[in-house]
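**Student:** Chain by chain, the residues run as shown.
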Amino acid sequence: MSKITTAILSISLLLAGGSALAQQAAMEQKPMMDQKMAMPGPVDRTKILAAPGVFGNFSTYKVRPDYYKLSAAERKGAADEVMAVVDKHKDKVIVDAYLTRGFKAQSDYFLRVHAYDMAATQAFLIDFRATRFGMYSDVTENLVGMTKPLNYISKDKSPELNAGLSSATYMGDAPRYAFMIPVKKNAEWWNLSDAQRLKEMETHTIPTLGNLVNVKRKLYHSTGLDDTDFITYFETADLGAFNNLLLALAKVPENKYHVRWGNPTVMGTIQTFENVVKTLSMGH
Amino acid sequence: MSKITTAILSISLLLAGGSALAQQAAMEQKPMMDQKMAMPGPVDRTKILAAPGVFGNFSTYKVRPDYYKLSAAERKGAADEVMAVVDKHKDKVIVDAYLTRGFKAQSDYFLRVHAYDMAATQAFLIDFRATRFGMYSDVTENLVGMTKPLNYISKDKSPELNAGLSSATYMGDAPRYAFMIPVKKNAEWWNLSDAQRLKEMETHTIPTLGNLVNVKRKLYHSTGLDDTDFITYFETADLGAFNNLLLALAKVPENKYHVRWGNPTVMGTIQTFENVVKTLSMGH
Amino acid sequence: MSKITTAILSISLLLAGGSALAQQAAMEQKPMMDQKMAMPGPVDRTKILAAPGVFGNFSTYKVRPDYYKLSAAERKGAADEVMAVVDKHKDKVIVDAYLTRGFKAQSDYFLRVHAYDMAATQAFLIDFRATRFGMYSDVTENLVGMTKPLNYISKDKSPELNAGLSSATYMGDAPRYAFMIPVKKNAEWWNLSDAQRLKEMETHTIPTLGNLVNVKRKLYHSTGLDDTDFITYFETADLGAFNNLLLALAKVPENKYHVRWGNPTVMGTIQTFENVVKTLSMGH
Amino acid sequence: MSKITTAILSISLLLAGGSALAQQAAMEQKPMMDQKMAMPGPVDRTKILAAPGVFGNFSTYKVRPDYYKLSAAERKGAADEVMAVVDKHKDKVIVDAYLTRGFKAQSDYFLRVHAYDMAATQAFLIDFRATRFGMYSDVTENLVGMTKPLNYISKDKSPELNAGLSSATYMGDAPRYAFMIPVKKNAEWWNLSDAQRLKEMETHTIPTLGNLVNVKRKLYHSTGLDDTDFITYFETADLGAFNNLLLALAKVPENKYHVRWGNPTVMGTIQTFENVVKTLSMGH
Amino acid sequence: MSKITTAILSISLLLAGGSALAQQAAMEQKPMMDQKMAMPGPVDRTKILAAPGVFGNFSTYKVRPDYYKLSAAERKGAADEVMAVVDKHKDKVIVDAYLTRGFKAQSDYFLRVHAYDMAATQAFLIDFRATRFGMYSDVTENLVGMTKPLNYISKDKSPELNAGLSSATYMGDAPRYAFMIPVKKNAEWWNLSDAQRLKEMETHTIPTLGNLVNVKRKLYHSTGLDDTDFITYFETADLGAFNNLLLALAKVPENKYHVRWGNPTVMGTIQTFENVVKTLSMGH
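Residue numbers (my numbering), protein chains in the order written: chain E, 426 to 709; chain S, 426 to 709; chain B, 426 to 709; chain Y, 426 to 709; chain U, 426 to 709.
Where hints are given, some of them may not hold.
Note that the list lumps identical chains together, so a pair holds whenever it fits in one copy or between two copies.
[Unchecked claim] Cut-off 20 Å, straight-line C-alpha distance, at most; resulting in silico cross-link-like pairs (DMTMM-like, lysine to aspartate or glutamate):
(1) K681 to D491
(2) K703 to D521
(3) K676 to D652
(4) K676 to E613
(5) K641 to E660
(6) K494 to D552
(7) K624 to E585
(8) K513 to D491
(9) K501 to E585
(10) K494 to D521
(11) K501 to D552
(12) K681 to D598
(13) K494 to D563
(14) K676 to E499
(15) K494 to E506
(16) K703 to D505
(17) K643 to E699
(18) K703 to D552
(19) K681 to D581
(20) K610 to D652
Honestly, the hints are just simulated from the structure, not real lab data.
Required output: the full structure, derived from the provided sequences and hints.
**Tutor:** Written out as structure tokens, the structure is:
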């Protein structure tokens, strides 16, 4: 019961401290998140891809068959119309596009959208869906997540591995392939102590260090935002190295806590958005 | 066998007491529920959102592609037609609307309808579906539930936590996002004693108190009414705080009793119904 | 091995006894089942709803969007055409109809058909599907079962509870809502001894006695006939009482043996078939 | 390791023996299977239904709604066209047809095709699908299997039960209903010793002997050929007896090894193919 | 902790060694993989089917009903158009085609494409989908994998069995049937030690040796590339032998580690691509 008393006490203090204190506490956990920032020009790609508190939106699409019943002329203008929408939103979001046709049955292409404000992502995607190409696309999957500072392998908690992660740089050819793989852990995982989860994540991280030379990766947190805990994103030029990396991750005990790993595994070639639209607009 | 005898005895007494007694017993458990109340004017929003015995109906929709083959003029009138239906039913139901396109693959928008009488909700939704916009919408999910007095963290059973819940007030910006997350517990959970479930719910509640500053929530009971035990509904302006809240809930033992938590997790921006219809009617 | 010998022996005897004996044995287990009965007039509703050996057929439907592209005049005649089919088959089947639109995503309405002969049910449903309304309806679920004498809480096996069941009468308002909930038990359940299952069913029955005042119910057996063991059907005017009843059933050990309980839970308002067709034929 | 050596040794011998030996070994296990047999006339129904090494193909179909937009005249010719295809293939395959509309949501009818050569079945079904009726039918399930000699309850292994099986003859009315129920066993089952599985199958068989008077059955083996281990097929005039038979099978320990039993359970009335087509071609 | 230190050390060395070293290490694991090779003429079929580091792409398709509404003349040209695309890509990919209609509900045909570069496979499939036949085909499944040197039963690790595998040659008739069966193992499997997995794979391999006379097989690795760990591909003229082989594989302990084995099991007759298109273009 004293545990409850303490919790209520700390809540009371929090409430007593009023909104300013609460705001500050929240700020510490979510730097730059969902704030209306002054955005004088296009989003800085390098910066937004490195920052915590950024929203990542992954959506997969399948072009409906009746798109190909439009005249070739009508389909020809599709890419320009899409790029105009990208341009209109360039101060709020950045968009990456990938061609999945020929790899996956559930989609023909997928988009990765980053923004500091989730509503800006929605505004962009609604405008995209109102283009001719967007109208003829069925959304087949959509997952949302956000970036956060390193949880486990941080400078404080695991200094040696953190140094390893920092010094391991991608040295392969320019990546040609991207993967999006959702990950959900079971209740047993989340009920481990912080120390136990840290230990498992260290065991998870060790075999991956060697692969950072050949595979880039990025992590998004989704608990509560979607039916997954994480969205893992990878880029590589070397599919064999990627297969080996994922095998290594299968062989650590952390894997036993997975209830979702993939489903879907989305694989695409990295393309410009314009090229994705043009490629999928072909056909007589 | 004496257990059976007692049960039958009490049934016999109940039956002996006749319908008046039975009615009274039922009344104690469901204040204001399903009663034809005198309703001289529009439903009082504040009152219905606070009352137990109210029915909540959550439905998600996807606009069919052929809607966009209607002329822009035809689509332009859609919002007015929908709002007329809302107005027609305003003495019986209140409706909240949310835009999900760009967040979720399974829907473009979702509705939350409250009524004292479930049949009134059905009457409204049938009229809505007969509008042009409703006709071009496919229902992709529909969950029903009802509000009830606090089960576990009540003044009697858990006075300290109940006080904590009562004093924790939302202090964030006006919420921009809403979430609908179904929850189903397994047979092991329901076979725990009341005392054991109370203990688990206390452990569940403690870490959430701090988040009530940033996240509003509301609970609906659905056992038997639908293939879920609860519908949890959240509003927030701070997606990071919401993610932290759900992580905290994942880390308590109660999580081990979940057989459904999400599936779907529905996320939308809070909008007027009129705006939802107008936004989804765009496109050339 | 003696067990096998005995079994073969009894089979041999059965075979020796010939078809007359076999028929008689079968008759004891299935009174009035699948027999071509003299049916001079309409099926007696009260009788068929009380008899064992009756077939129950539950089917859910969704009206296809293109139905609403028919002219209002064409749709206006739909109800009459359907009712003519009901009339044509009234000597063989009775039909109940329920409106589910606004409650469930998977259906707009559902039908419950009773007949002494399953082929009669098929004949009716085929004729119904050949009407205009039936043609524009997609079947989204269909479950079949049959009524049988009480298995566990019978006069012989559990006299006290049987008396309780018999004396507990529905005393609520005229039911407005109906539920159809499939139930499937796992192999562990079926491998319990008869005595163990009886004990579990007694524990299951006790907490339900009090609810019979507010909720009517009916049971259909489906093992082998469909991918469910039972179809449970309920009627009530009091959704809160129904929620409480199902919660009580969740809290007994029998719940641990469920592999399916719902999926779908179908909820509808009780209507005349004519009204269901008319309501779903609205829309400009 | 000696186990490996022995295995390799026996393989070597097999290989040394060359193709003739291998052929002979194979022949012993699959009499008459997939051989191009001299077939001067129509397939002998009685013979093919009793022989091991015969392929059984079960496919379920749903008639697409647009079929009913064809003129009644066009639909009228459908049955003749189908029967011509049946006639064309009558030297290679036999076809049974069943009407499922009104019983199951997933299909309107199903076909059972037998052939000594699986490719002959494919040739027939491709021709059937090229008829007007076949073109307007969507295949919703398709399972393939083959007949084999008795595995467990054979004269050698279980002589008493084998005798019981042999002497138990169907004595009911002409069957009106047929069921197709897939069965898949888990890894634990397949890792039991032969003796253990024999024991379980004896326990499984004993309670079924009594039902052979009322229910006919036939078994197809599918491991590797499809996502099921067995296809069980039943015919009966007595649905109550069938329900009792399946309940008896649920109550033996073998049931604990099932990972699939049904899903779907397909139930139909036994009809001529011509009648199935004619019945489903009705409607104005 | 020393484990971590060692790992980081070896990473550091790897990084110190720079890109040349990393390249070399990678090369050892993936001979000929994804490299832009000089390709003066058509892909060498025998060579690509034997090489490790080759990508295999399996896609299943269903012809949409509206294909048959095209005039017979339009459909007649479909095969030529498809074969022109095959010819255009013959320096980069080889294609095998299989007819599945009549065997499986989920598809009418499936393709197996091999290439040294996965992007070349995508380029081919995109061109195929832009043909008339491809446009009217819905992709219903798509799995990707790659060939690798033998993992377990290698000359070093299991010399006797390796010899057995090498000497066991297919001696049956020309295969008429092909199967594609995905395999996914659980976390327990991947967390076994290498020695334990080797032992299980030896037990798995022994009973299969005898079947290599009647069944050809080929293995693709997919971990991370898709939601499966392996794609197993078989060819046979003897379906009974194939059934026996898969039964033997079900009976070894390795089967207990499967979380996916099939789902779908795809079965087709081996055909030329031209014949597949022609056969599926029939129908009045």
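**Student:** Does each hint fit the structure? Answer for all of them.
**Tutor:** Status of each hint after checking the structure:
1. K681 to D491: neither (44 Å within a copy, 45 Å between copies)
2. K703 to D521: Within one copy only: 15 Å inside a chain, 28 Å across chains, cut-off 20 Å.
3. K676 to D652: between (25 Å within a copy, 16 Å between copies)
4. K676 to E613: both (18 Å within a copy, 9 Å between copies)
5. K641 to E660: Close inside one copy (5 Å), not across copies (35 Å); limit 20 Å.
6. K494 to D552: between (23 Å within a copy, 17 Å between copies)
7. K624 to E585: within (13 Å within a copy, 36 Å between copies)
8. K513 to D491: Neither. Shortest intra-copy (28 Å) and inter-copy (26 Å) distances fail the 20 Å Cα cut-off.
9. K501 to E585: neither (54 Å within a copy, 61 Å between copies)
10. K494 to D521: Neither, since 27 Å and 29 Å both go past 20 Å.
11. K501 to D552: both (19 Å within a copy, 17 Å between copies)
12. K681 to D598: Answer is neither: 33 Å inside a copy and 40 Å across each miss the 20 Å cutoff.
13. K494 to D563: Both: 16 Å inside a copy, 15 Å across copies.
14. K676 to E499: neither (51 Å within a copy, 53 Å between copies)
15. K494 to E506: Result: close both inside a copy and across copies, 19 Å intra and 18 Å inter.
16. K703 to D505: Answer is within: at 9 Å inside a copy they meet the 20 Å cutoff, but 25 Å across does not.
17. K643 to E699: Classified as neither: same-chain Cα gap 24 Å, cross-chain 39 Å, threshold 20 Å.
18. K703 to D552: Close inside one copy (19 Å) and across copies (13 Å); limit 20 Å.
19. K681 to D581: neither (27 Å within a copy, 30 Å between copies)
20. K610 to D652: Both, since 11 Å and 17 Å are each at most 20 Å.
Violation of the numbered hints given earlier is confined to hints 1, 8, 9, 10, 12, 14, 17 and 19; the remaining hints are satisfied by the structure.
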